[in-house]
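Enquirer: For reference, each letter of the sequence shown is one residue, going 1070 to 1133 in the numbering used here.
Hint data in this document are derived by calculation from the structure and do not stem from the laboratory.
Don't take each hint at face value.
Stated by the list, open to error - Calculated lysine to any residue pairs in the SDA-like style (CA-CA distance at most 25 Å, straight line):
id: 1; residue 1: Lys1074; residue 2: Thr1118
id: 2; residue 1: Lys1074; residue 2: Thr1109
id: 3; residue 1: Lys1074; residue 2: Leu1115
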Amino acid sequence: MKIAKYWKAIVAAVVAGAGSLSTALADDTISAAEGWLTLTAVLAALGFTWAVPNRQTSSVPRDL
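Given these sequences and hints, build the entire structure.
Expert: Okay, structure coming up:
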């Protein structure tokens, strides 16, 4: 199992969760609704990022 192909989804989930939590902590408390919103943001980021395939690398070198 190669972890490299999972990094894109993991990073997207961490960023979505951190962004949602930072907004929720603006008033120094996290309500149940904000917790559910954070969980939903993490799961949505995982799902949407997982659905988009990584670009395939070509074996032919490109001239720049």
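Enquirer: Hint by hint, say whether it matches the structure.
Expert: Hint by hint, here is what the structure shows:
| no. | hint | result |
| --- | --- | --- |
| 1 | Lys1074 to Thr1118 | 11 Å, holds |
| 2 | Lys1074 to Thr1109 | 22 Å, holds |
| 3 | Lys1074 to Leu1115 | 13 Å, holds |
The structure fails none of the hints (numbered hints given earlier).
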